[in-house]
Amino acid sequence: MTRKEVFERMNEVFRDVFDDEDIEVNDETTADDIEDWDSLEHINLVNAMEEEFGVKFTMGEIVALKNVGEMADLIISKLQ
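The numbering used here runs 418 ahead of the 1-based position in the sequence shown.
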């Protein structure tokens with residue numbers, strides 16, 4: 419799966435979790451960029467990403483993520 423394909427699927431997950439069809443995430447997107455992205459929604463987002471890609475994240479991996487690009491890289495590494 420290419421990075422572009424991962425981002426296409428991630429965008430769909432973000433739109434679903436935050437119920438906003440206008441969300442378009444990129445490498446630099448953080449929780450500060452999305453109005454409703456709080457700690458509860460972060461848990462929902464992580465769960466939705468795990469389901470979408472069939473992967474599991476450790477707590478350490480989740481805490482270390484600084485932006486959406488790092489999440490994409492982590493997903494890609496788990497898919498290989």
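No lab work stands behind these hints: they were computed from the structure. Treat the hints with care, as some may be off.
In silico lysine-lysine, PhoX-like type, Cα no more than 20 Å apart, as pairs [said to hold, decoys possible]:
(1) K422 x K496
(2) K496 x K484
(3) K484 x K474
(4) K496 x K474
(message) Does K474 sit within 20 Å of K484, going by the straight-line distance between their CA atoms?
(response) Given pair K484, K474 holds - Cα atoms ~18 Å apart, limit 20 Å.
(request) Compare the distance between the alpha carbons of K496 and K474 with 20 Å, and conclude whether the hinted pair is satisfied. (result) holds, 8 Å
(message) Just to be careful, I want the Cα atoms of K422 and K496 compared with a cutoff of 20 Å; is the pair within it?
(response) Holds - the C-alpha atoms of K496 and K422 are around 16 Å apart, at most 20 Å.
(message) Would the hint linking K496 and K484 be met if the CA-CA limit is 20 Å?
(response) holds, 18 Å
Checked against the numbered hints above, the structure violates none of them.
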